[in-house]
Structures are given as C-alpha cells and as structure tokens.
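Given chain A's structure and the hints, the job is docking chain B onto it.
Number of protein chains: 2
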Amino acid sequence: MHGTGLSGGALPVAGGLVISLARLNRILDVDIANQRVTVEPGVTNLDITKAVAPYGFYYAPDPSSQQVCSIGGNVAENSGGAHCLKYGFTVHHVLGVEAVLPGGELVHLGGSLVDTPGPDLLGLVVGSEGTLAVVTKVTVRILRRPEAVQTLLAAFDSIDAGGASVSDIISAGIIPAAVEMMDSLAIRAAEAAVHPNFPDADTVLIVELDGPTAEVRALFDRVEGICKAHGATTIEVAQTDEQRARIWRGRKAAFAAMGRVSPNYYVQDGVVPRTRLPEVLNRIRALEARSGLRIGNVFHAGDGNLHPLICYDERVAGQADAAVDVAAEILSYCIEAGGSLTGEHGIGADKSQYMPKMFTEADLALMQRVRAVFDPGGICNPGKVFPTPRLCGEVPGPYRQHPAEAAGLADRM
Amino acid sequence: MHGTGLSGGALPVAGGLVISLARLNRILDVDIANQRVTVEPGVTNLDITKAVAPYGFYYAPDPSSQQVCSIGGNVAENSGGAHCLKYGFTVHHVLGVEAVLPGGELVHLGGSLVDTPGPDLLGLVVGSEGTLAVVTKVTVRILRRPEAVQTLLAAFDSIDAGGASVSDIISAGIIPAAVEMMDSLAIRAAEAAVHPNFPDADTVLIVELDGPTAEVRALFDRVEGICKAHGATTIEVAQTDEQRARIWRGRKAAFAAMGRVSPNYYVQDGVVPRTRLPEVLNRIRALEARSGLRIGNVFHAGDGNLHPLICYDERVAGQADAAVDVAAEILSYCIEAGGSLTGEHGIGADKSQYMPKMFTEADLALMQRVRAVFDPGGICNPGKVFPTPRLCGEVPGPYRQHPAEAAGLADRM
Numbered sequence: 416m417h418g419t420g421l422s423g424g425a426l427p428v429a430g431g432l433v434i435s436l437a438r439l440n441r442i443l444d445v446d447i448a449n450q451r452v453t454v455e456p457g458v459t460n461l462d463i464t465k466a467v468a469p470y471g472f473y474y475a476p477d478p479s480s481q482q483v484c485s486i487g488g489n490v491a492e493n494s495g496g497a498h499c500l501k502y503g504f505t506v507h508h509v510l511g512v513e514a515v516l517p518g519g520e521l522v523h524l525g526g527s528l529v530d531t532p533g534p535d536l537l538g539l540v541v542g543s544e545g546t547l548a549v550v551t552k553v554t555v556r557i558l559r560r561p562e563a564v565q566t567l568l569a570a571f572d573s574i575d576a577g578g579a580s581v582s583d584i585i586s587a588g589i590i591p592a593a594v595e596m597m598d599s600l601a602i603r604a605a606e607a608a609v610h611p612n613f614p615d616a617d618t619v620l621i622v623e624l625d626g627p628t629a630e631v632r633a634l635f636d637r638v639e640g641i642c643k644a645h646g647a648t649t650i651e652v653a654q655t656d657e658q659r660a661r662i663w664r665g666r667k668a669a670f671a672a673m674g675r676v677s678p679n680y681y682v683q684d685g686v687v688p689r690t691r692l693p694e695v696l697n698r699i700r701a702l703e704a705r706s707g708l709r710i711g712n713v714f715h716a717g718d719g720n721l722h723p724l725i726c727y728d729e730r731v732a733g734q735a736d737a738a739v740d741v742a743a744e745i746l747s748y749c750i751e752a753g754g755s756l757t758g759e760h761g762i763g764a765d766k767s768q769y770m771p772k773m774f775t776e777a778d779l780a781l782m783q784r785v786r787a788v789f790d791p792g793g794i795c796n797p798g799k800v801f802p803t804p805r806l807c808g809e810v811p812g813p814y815r816q817h818p819a820e821a822a823g824l825a826d827r828m
Numbered sequence: 416m417h418g419t420g421l422s423g424g425a426l427p428v429a430g431g432l433v434i435s436l437a438r439l440n441r442i443l444d445v446d447i448a449n450q451r452v453t454v455e456p457g458v459t460n461l462d463i464t465k466a467v468a469p470y471g472f473y474y475a476p477d478p479s480s481q482q483v484c485s486i487g488g489n490v491a492e493n494s495g496g497a498h499c500l501k502y503g504f505t506v507h508h509v510l511g512v513e514a515v516l517p518g519g520e521l522v523h524l525g526g527s528l529v530d531t532p533g534p535d536l537l538g539l540v541v542g543s544e545g546t547l548a549v550v551t552k553v554t555v556r557i558l559r560r561p562e563a564v565q566t567l568l569a570a571f572d573s574i575d576a577g578g579a580s581v582s583d584i585i586s587a588g589i590i591p592a593a594v595e596m597m598d599s600l601a602i603r604a605a606e607a608a609v610h611p612n613f614p615d616a617d618t619v620l621i622v623e624l625d626g627p628t629a630e631v632r633a634l635f636d637r638v639e640g641i642c643k644a645h646g647a648t649t650i651e652v653a654q655t656d657e658q659r660a661r662i663w664r665g666r667k668a669a670f671a672a673m674g675r676v677s678p679n680y681y682v683q684d685g686v687v688p689r690t691r692l693p694e695v696l697n698r699i700r701a702l703e704a705r706s707g708l709r710i711g712n713v714f715h716a717g718d719g720n721l722h723p724l725i726c727y728d729e730r731v732a733g734q735a736d737a738a739v740d741v742a743a744e745i746l747s748y749c750i751e752a753g754g755s756l757t758g759e760h761g762i763g764a765d766k767s768q769y770m771p772k773m774f775t776e777a778d779l780a781l782m783q784r785v786r787a788v789f790d791p792g793g794i795c796n797p798g799k800v801f802p803t804p805r806l807c808g809e810v811p812g813p814y815r816q817h818p819a820e821a822a823g824l825a826d827r828m
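So the sequence lines, in the order shown, correspond to chains A and B. Residues in the first sequence are numbered consecutively from 416, following the numbering used here. Residues in the second sequence are numbered consecutively from 416, following the numbering used here.
Calculated from the structure, these hints are not laboratory results. Any given hint could be a false lead.
Which copy? The list can't say, so a pair holds if one copy fits it or any two copies do.
[What the hints assert, rightly or not] Restricting the straight-line Cα-Cα distance to at most 27 Å, the calculated cross-link-like pairs of lysine-lysine (DSSO-like) are:
hint	residue 1	residue 2
1	K772	K643
2	K501	K772
3	K552	K465
4	K552	K772
5	K501	K643
6	K772	K465
7	K643	K552
8	K643	K465
9	K501	K465
Only chain A is shown next, with the shape it has when bound in the complex (with noise of 0.2 Å):
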C-alpha cells in the first residue's frame, strides 16, 4: 500500500490505524516453466512484469497506475485495465495468496495451480477492498509475450461511429487486446498533458491487437476496414515500439491529464452491457448540457467500462456538490441499463450507498455474514462496501468521500 490508489481504498474512513505493506516489496520465487511467480504484497506491477521479461514473459492486468500500483493493491481492487477485455481481471491471474485474519491466524487461500479443492475463498479475498483480510503474499500467473503487437488509432465524428465500430469489431469475433474510446474533452486533456499528437476529434478510438504474426496482421486489416466503413477520418496505425508507446501515453495519462482542463474533477466508474453503450453515452452528453459540467469520457469500450471525468470548480459555491449529483446520476443510468456500480475502481466509501440499487436485502445479508467470517469485529477497513455499516457497530453514520479528495488521490497517479 503505497497510497497510490486512484479510488482511495486505503483511505481510512473511520478512522484507525493504517497498515502499510510497502517495504514487504521482495519477489520470493521465479517459476518460469511453471509460468508463476511469488512475491509479497508492496511489488509494484510494473516489477512483476520486468522480473520475468528477460524469458520473455510478463504479468497481464496492467492498470494505467502499473507503475507505482503494487500487486497488493491490484489484489484488495481486482484491478483491471486496457488489456482486461481479453485477458481478464486480477483475480483471473491470481493463484493463491497467503493472509492474515483479523483474528491473527495464518491461512493460504487458492494454491499454485489453477483449480484448488474446497471452497473457492481466493476469489472472495480478491477484490474484497481490504475487508476481510491483509493478504501478505500473492502468487500470480504470467503470460508469454505475444509474439506480435499491432496498435491503430481512428479518429471519428461521432460517438456513435466509434461506438459502432467497436460493436462491428466484436461481433466479427475479434478480440482485440484492448479497445479503448476517449471523447474530445479528454482527447484535449491528454494533448495539453503529454502531447500524444492526437487527431483533434470529436471521439478517437484506440485498438490493439496481439497473438502470432499471422494472426495479427491478418485481422488487423479486417479492424481496419472496419473503421474505414464506419466514416474513421483518419486511421493512423502504429508502425514503431515508439509511436505505440506514444498512443499509449495519451491514453493513460487521460485521468490525470484533465487537470490540464478543469479546476477539480470527480472520476466515475460504471458498467454498461456492450449493446447499450451509445444509449448511455448519449445520455450522458445530455446530463452534460443539462448540468452545465463539462464531462470526459474515457473508457474501455470493449467490456461496456465507463470511465466519466466529471469537471468542476471547488471555489464556484455548490459545484462540487452538483459533481457528486451527476456522478450519482450516471451511475443510476449504468444500472437502469443493466449494467453495474464499478468496473474496477471497487465501491468503497463512496458507492456503499448504492449497493442496495444492485442487490436485494438477503444479498448484502448473505455478504454480511462471509464478511462477519473473516472479520467478526468489523476491524479490517470499517466503512467500506457495505451499505449498512450500522448493522456492524463499525461507524456511527454514513460517509461519503469528498470529490475533492478523490481528485487530489488521482492527481498522484
């Protein structure tokens, strides 16, 4: 726990002591025929991956953060990030942790293969926002590296032209190693922050492929064409290491960027299902004339993840509360459509509140009661993914982290 975190899971709502695991940072095993790797819970990602790069292997989710981020963090978030949409999320690259219980007992959860007998409690502690134990060492499983990596971005007029051709793209069967969509607020954002020498659209998308040689360049065309057919004003596809990396830089460097633009900014966090992205989109661009906030949207389109940068003045009376409102609004709109309160950022604080939008009262009972399993004493983060905090005697009311705060965490990324 570096402190690092975009969503402010280390944050210590209710007060207490804070735990920091970052100098437990050593890698402790290197299996490369077996294709896993051991480390304590303060590596960064990033490490993990320059750890086994030499033989040719790296570690997949690869949050924007993954350089600061450490594994630990990734492991309390079940952290995402661009390439997610074809190889999945941490907990699909985890095989088994090593914890503390609140209660001081030892426990190994998951193993070193991919299936374990029993109850599957790794899946429960990954992605659990730090409620239910303090994971001390975590073994991962690391990928081959592609063998091939082809990276384009198309500039189009509209969000439903974009949007289409993420949609045309998917049905083809393609799955892209990532699909991401950034609209001219942040397209701006990213320009003035890190001068990417982004197309001045009004929706860029960015699409990366990966897999054998062949492979690759043979459904690269099919992408490409497909952009084309669907209006792309221009197409520029990556033809070196460097100007990949530059397309990336733009794309990562979008939260913090907005800074560029905007006072103060609240980041959001929803799921839509793929099929009703223009919907929501369109919704959103609405809410944004209506409110008077400019709104960014960064998001990886592949899996529906929203990622809405909500612009404000903290000095302007009343506007950081009408940024939690459309915050609040949006995700409404995510539910409504199907779709869910977090995509990666976890609920935290913040969006305990709305957990009975998604879940019946026997659902967050049932969560309650694996949670009371872990944690009788309701010690390990108090206050957090829970919407009835009171039902634990853990804090005296709700609470709800100022956008402010959110903004000055992400500045840090």
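Same frame as chain A, but now just chain B:
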C-alpha cells in the same frame, strides 16, 4: 441432477433427502448480442451449445459427459473438460447464479457482467459440491465458435517423448485448445469399445488448435514439427470433421471403455505442475509393477490433470482394497510434487480425508466457518468435502465410497 455424476456428487452418503432439479430444464434467455445465456440447472451442458449454435456461438467447458451432464452439476463440481487448458473451467464461464440457501432465502450471486461489486460469493458457490446452496438459475457467457479447428494425433514409443512434446509446445508459447495424452492400456480399451482406429502405441498425444484460420495453419505446422522432433512414430492429421469426431470419440470414451479390459476400475483425479508430469507418471508406472494392478492413464496433459484408471477385480479377495490404496498413493505423489487432490471431479466423500494433507488447520477452519454462513445446520450435502464432519455434527463417522460404487457410476457416463 440426473444422477450421472462421475464423481458421485449426488450420492447422499449420510442419508437424507435428495433434491432432483432434473425438471428445471428450461432455457430462460438467450442474449446473443451480449453473449450470455440464462438457464435452469437441469439443462444439459450440450443443450446450451445447441441453443446458440445457429448464431455461431458455443458454451466452452466440455466435460466428456457433456451430452448428459447438467449445467447445475457442472456448477457444483466446477467441471473442466478437454478444452479447459485454453478456455478455463466452469467458474470462468458462469456470470451469475440464483440460489436458495438452506434457510430458504433466495439470493443472486454475481450478475450478468464480467465483474460485479462486493465479495465474490459466486466463485464460492461454483465448485462447492452442493455444500452451500441449491442453485436454481445459471447465467453463462458464450463464445463465438472459432473460425478454424485442427486436430492431430501423434503416437510415441514412450511417455517421456510424449511429455517432452507437450513441454515444447507450451514453451513455444502455443496455447492449444486441448492437449490430451493416453497410454497403451487406455488406447487398447478405447479401441475395444468405440474403434477410433488409434495406433497401437505406448502413448498417444492429441493436440487441437483453434482460432483464426491463418493462426491455426501457422501454429499447426510448428506442433507437427515438435512431435516429429521427439520421434513421433505416426502423426495423423484429421482432414474432415468426421475424422476429428472419431479422434475425440476415442478420447472421450476412454473412462467407460476401461470396462472392456477390466471387470472393475477406480478413477483417480489429481493435478501436478506440468514440469513434474514425467516424474509422477514414472512413479505411477513403478507402482503399477509393484502393486500388480494395471493402471491406465488418460490425462489433460496441458494443465497436468491426471486421470489414472486403476483396474481391479472385485471377485478377487483384497483387490478392491488394494485399488483404494493405490489410488491414495497416486494422490500422495501429486501432493509431493506440489500438485492438488483434485483437478475437476471434486473432493466429495472419498477425498475429504486427504484435505489436511493440502491445507492447514486454520485454512480448513476458515472454510468450515464460511460454509456455516450458508448452511449453519450442515444440511447441504452432508459428509462431503470437509475432512472433519464430526465437528459439524453432520455425520456420525468417517465415510468412504467403495470403489465399486464409483465404477458403477462411471459406467453410466
């Protein structure tokens, strides 16, 4: 639950009531655009594929019994199949379930998207062998049928040559859809039962690649080259769908076919890290010589999931008990090699006694406590999975399924 379970999951070892869900067999929703299907638990595995095949999709996990086994049973056992090396187990394909807890509460675990908020109770229920809840609806994701599928069968003079081929294929970064191995006894049994026209060899390796045509063509040549380099005596490439189906008929019939070469047999299910396969297989061969019981080996070589078939004759005094001892010894080899008690058939009653070999007391106590949240009275499939039933007051003593019962169940597959 049709009572087809190879692993005897539906067997009420402690007596009591068996709830059959066989008539909950409706397909409730087919959502092709979002690639998901919702069914009742009694729908068979293959019927899901049949429902979506007209649209070019299929349901990936394919246990050998897929014509008769139900999706509810697959969820209970976290079933795999020949193609789980590339595509994963049932848990990787179930998006959500509706379930009834033993206390009567109806809960919804997971959802219809890849990731949902809160503790992952879904992963807990998948593979819980009926010990947590009764699943009444299942939403699974479906995959687009690959453009091309190519299958080869290679024969080798030794298990080491076959195993070395598997290692080289995986090390080359190729992820086949399936990599299966069978030894001479299993080959002869399959030949006697379904006449797949397999070569009379020490070992056969079946490798299947799927994906875009260009990729499959390029990689298939490399797989063929690797098999030749390790001295394959014959290589047969399926040229038609009929030839491909014949190869799989031979492989998938292997368990039941064992009845043609032995009056009784006992199916073991264990996992070893891929790199330890040759060592463990040689130990099994030595055990075969020492015990005087023939052992056929059929296994998912790509992920190290062994299925030794221990032949015995229950009419010969002591042989049934000897088979049990041999099966137990093979499991100890798996665990000593850093493997696992079960790959896909579950723990059930038979293996619960071995759980303490893999897990510490704290690990098992935590599992028990989580189970108690769902099923405080211990009424859900009592006597299964957990090694210390006495602590739960569920059953009066240790249970062990007689191998003849297991064989009887297997014969019905």
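Hint by hint, here is what the structure shows:
Taking the shortest Cα distances, K772 and K643 never come within 27 Å of each other, neither inside one copy (40 Å) nor across copies (59 Å). In this assembly of identical chains, the alpha carbons of K501 and K772 never lie at most 27 Å apart, being 29 Å within a copy and 36 Å across copies at closest. Taking the closest pair of Cα atoms, K552 and K465 come within 27 Å of each other only inside a single copy of the chain (18 Å); across copies the shortest separation is 43 Å, beyond that limit. In the homo-oligomer, the alpha carbons of K552 and K772 lie at most 27 Å apart only across protomers (21 Å), although the nearest pairing inside one protomer, at 35 Å, exceeds that limit.
In this assembly of identical chains, the alpha carbons of K501 and K643 lie at most 27 Å apart only when taken from the same copy (23 Å versus 33 Å across copies). For the identical chains of this complex, K772 and K465 are neighbours neither inside a copy (42 Å) nor across copies (35 Å), given an alpha-carbon limit of 27 Å. Taking the shortest Cα distances, K643 and K552 never come within 27 Å of each other, neither inside one copy (48 Å) nor across copies (42 Å). Neither within a single protomer nor between protomers do K643 and K465 lie at most 27 Å apart by alpha-carbon distance, with minima of 37 Å and 35 Å respectively.
When the C-alpha separation of K501 and K465 is checked against a cutoff of 27 Å, the pair qualifies both within a copy, at 21 Å, and between copies, at 25 Å.
This entry does not satisfy hints 1, 2, 6, 7, 8, going by the numbered hints stated previously.
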